[in-house]
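Protein chains: 2
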Amino acid sequence: MPATGLDVIGVGNAIVDVIAHADDAFLAAHAIAKGGMTLIDGAAARSIYEAMAPGVEISGGSAANTIACLASLGGRGGFIGKVADDTLGEFFRHDLRAAGVEFDTAPLAGGPATARSLINVSADAQRSMSTFLGAATELGAADVDERQVARAAITYFEGYLFEMPRAREAFVKACRIAAAAGRKTAITLSDSALVDRQHTAFVEFIGAHVDILLANEAEANTLFESDRFETIAERARALCPLTAVTRSEKGSLLIPRGGDVVEIAAVKPERLVDTTGAGDAYAAGLLFGLARGFDLARCGALASLAAAEVIGHFGARPEKKLDGLAREAGIL
Amino acid sequence: MPATGLDVIGVGNAIVDVIAHADDAFLAAHAIAKGGMTLIDGAAARSIYEAMAPGVEISGGSAANTIACLASLGGRGGFIGKVADDTLGEFFRHDLRAAGVEFDTAPLAGGPATARSLINVSADAQRSMSTFLGAATELGAADVDERQVARAAITYFEGYLFEMPRAREAFVKACRIAAAAGRKTAITLSDSALVDRQHTAFVEFIGAHVDILLANEAEANTLFESDRFETIAERARALCPLTAVTRSEKGSLLIPRGGDVVEIAAVKPERLVDTTGAGDAYAAGLLFGLARGFDLARCGALASLAAAEVIGHFGARPEKKLDGLAREAGIL
Chain A
0 MPATGLDVIG
10 VGNAIVDVIA
20 HADDAFLAAH
30 AIAKGGMTLI
40 DGAAARSIYE
50 AMAPGVEISG
60 GSAANTIACL
70 ASLGGRGGFI
80 GKVADDTLGE
90 FFRHDLRAAG
100 VEFDTAPLAG
110 GPATARSLIN
120 VSADAQRSMS
130 TFLGAATELG
140 AADVDERQVA
150 RAAITYFEGY
160 LFEMPRAREA
170 FVKACRIAAA
180 AGRKTAITLS
190 DSALVDRQHT
200 AFVEFIGAHV
210 DILLANEAEA
220 NTLFESDRFE
230 TIAERARALC
240 PLTAVTRSEK
250 GSLLIPRGGD
260 VVEIAAVKPE
270 RLVDTTGAGD
280 AYAAGLLFGL
290 ARGFDLARCG
300 ALASLAAAEV
310 IGHFGARPEK
320 KLDGLAREAG
330 IL
Chain B
0 MPATGLDVIG
10 VGNAIVDVIA
20 HADDAFLAAH
30 AIAKGGMTLI
40 DGAAARSIYE
50 AMAPGVEISG
60 GSAANTIACL
70 ASLGGRGGFI
80 GKVADDTLGE
90 FFRHDLRAAG
100 VEFDTAPLAG
110 GPATARSLIN
120 VSADAQRSMS
130 TFLGAATELG
140 AADVDERQVA
150 RAAITYFEGY
160 LFEMPRAREA
170 FVKACRIAAA
180 AGRKTAITLS
190 DSALVDRQHT
200 AFVEFIGAHV
210 DILLANEAEA
220 NTLFESDRFE
230 TIAERARALC
240 PLTAVTRSEK
250 GSLLIPRGGD
260 VVEIAAVKPE
270 RLVDTTGAGD
280 AYAAGLLFGL
290 ARGFDLARCG
300 ALASLAAAEV
310 IGHFGARPEK
320 KLDGLAREAG
330 IL
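From first to last, the protein sequence lines stand for chains A and B. Counting in numbering that gives the first Met the number 0, the first sequence runs from 0 upward without gaps. Counting in numbering that gives the first Met the number 0, the second sequence runs from 0 upward without gaps.
Chain A extracted, bound-state conformation (with noise of 0.2 Å):
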């Protein structure tokens, strides 16, 4: 890889998350799906603001969390992703770059606010995101930088954007971009309720442009429409030259066509704060791994040593640098 050249691009939403303790009586009465990712208006989004308990506001975003993890990691990331021109999204421009990632997208002027993401965690550390997307949902393929994209060896697409009608047209643009300079690319599925309503797209896209998939088991099981995994695989293999399912606690499966599939052990927090961003930390270690030409195993290796460090502590971004973790582990 030339010194000017980057691991992994992601494209995905910018979002600044806002995280506080909260139990399941205050789920039920503000309708939130406990474990799950809820999207709302803006009126929503302040009332369930006013209830919920004094909070901490930390960087955040799915793709955005990844790349983040992939630089301290030691890769070199960049993302794309639409903030608005407001305190927020100085927040959120100012911790990505400090983690070392460029970013260089143009801020929103004059429509919605930069989104926010409310994420309520519960005693057992599950977290349930209400996320307001505000400016984050107007990313479209003029934000798509194509010296950008072609410096990158991965291009990795948050899932949760492949709804807006705008960002889908930016992802295929990418994928071209990725495409003419022999470069891969990666999605990760974000949510299976997303999968369900948007399957014949999702399947086509990936189909068509995606190396690299990732999903949870919930994911899996709405895009390959099985809970056998015999029958995963086998459409998996169909679809993608690599699929990623991950299953929390229990480790991940790594399925390659034309290729045994790998199992990856989970690796034990010190302590299980708070699951949000745990897929994707797991992603970074993942996608860096690739890009570097690891073998699957070392890649799922960082992929679960990384997820590991997140789930320990409050917000979704690493606060012990995962190289030096890595290097301990031996994986590095």
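None of these hints come from the bench; they were simulated from the model. Wrong hints could be hidden among the right ones.
Because identical chains share one entry, a pair is satisfied inside a single copy or across any pair of copies.
[To be verified] In silico DSSO-like cross-links for lysine-lysine, where the CA-CA straight-line distance does not exceed 27 Å:
1) Lys183 with Lys267
2) Lys267 with Lys319
3) Lys319 with Lys172
4) Lys33 with Lys249
5) Lys172 with Lys183
6) Lys33 with Lys320
7) Lys249 with Lys319
8) Lys267 with Lys249
Once you have looked at the hints, place chain B on chain A.
Chain B in isolation, oriented as in the chain A frame:
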């Protein structure tokens, strides 16, 4: 105390903290005094923030932290302080109200932004604060609600604001209201350099208006112009009915006029993560106990317990309910 009364109302800076890790080289490069609080202008706030590591935003402000801790102890608290009409101001207001605190000061429109404190936390848990005061300095006598102050057993002033001429008028107005209602007043000195700059004015204000004085050792040495404890105690008794001197891990000393010094042990925290807010939490325990008529040893024990909780994590406001911890410890 009547049902509509308050234990303590705080008058202080309405500030959102931006907290990140930093090493000593970073502090040196940006001329940040380790362990201290430096006031900065908007330009310095931008340049320091640009260079800082990724951070979290969490509501702060010395007296506001104290009132949030007081609410966590089960006390009824109010706060008077100035935010701007912006996102950070919304966070600040939300977090205090969500903690159960009365906070009705009108936001500033069309002036500077809500105050922020850039807090760089060293590996040894020391915090170095670079504070842009923005809207917080616009607090004035008109923001002091006579009925609200008259309802509070203790009105508590943040020393940081004492230097602002309009805020000092607000302090004097609140003292007159408290005196007329037969209530008590308290002040924290906040910073020894500030005490040095405003020495005569502090001595006059405390002698004329203040019942309870809080200071750390450096501030007490500066105010009483001595580092001999006997001299400090003698001068403290002459100036003020009750003086509390905090001494970090050595605990604290309560000096009542006409009574013996009461030595209070520090409570060792489970982990030492971030000393931001230790003094604020101490003040909460002390003032809550005094408002409820507890003896000095019990007030001090509550103060030490609150401080220990807050230094065990990032941020100056309690993560665990302090009343539960105090009950476990047999103090409540």
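* Asked: For Lys33 vs Lys249, is the C-alpha pair at or below 27 Å within one copy, between two copies, both, or neither?
  -> So Lys33 and Lys249 pass the 27 Å test inside one copy only (20 Å; across, 45 Å).
* Asked: Given a CA cutoff of 27 Å, do Lys33 and Lys320 count as a within-copy pair, a between-copy pair, both, or neither?
  -> The answer is between: 23 Å across copies meets 27 Å, while 30 Å in one copy does not.
* **Copy assignment of Lys319 with Lys172, given that the CA separation must stay at most 27 Å** => Neither. Shortest intra-copy (35 Å) and inter-copy (49 Å) distances fail the 27 Å Cα cut-off.
* To do: Since the copies are identical, ignore which copy is meant and state whether Lys267 and Lys249 lie within 27 Å (CA to CA) inside a copy, between copies, both or neither.
  => within (10 Å within a copy, 38 Å between copies)
* Between the shortest in-copy and the shortest cross-copy C-alpha distance, which are at most 27 Å for Lys183 and Lys267: within, between, both, or neither? -> neither (31 Å within a copy, 53 Å between copies)
* **27 Å Cα threshold - placement of Lys319 relative to Lys249** => Intra 24 Å, inter 31 Å, cutoff 27 Å: intra-copy only.
* Between the shortest in-copy and the shortest cross-copy C-alpha distance, which are at most 27 Å for Lys172 and Lys183: within, between, both, or neither? -> Cα proximity of Lys172 and Lys183: one copy only (14 Å, versus 68 Å across).
* Asked: From the Cα coordinates, with 27 Å as the cut-off, is the pair Lys267 and Lys319 best called within, between, both, or neither?
  -> both (16 Å within a copy, 25 Å between copies)
The structure shown violates the earlier hints numbered 1 and 3.
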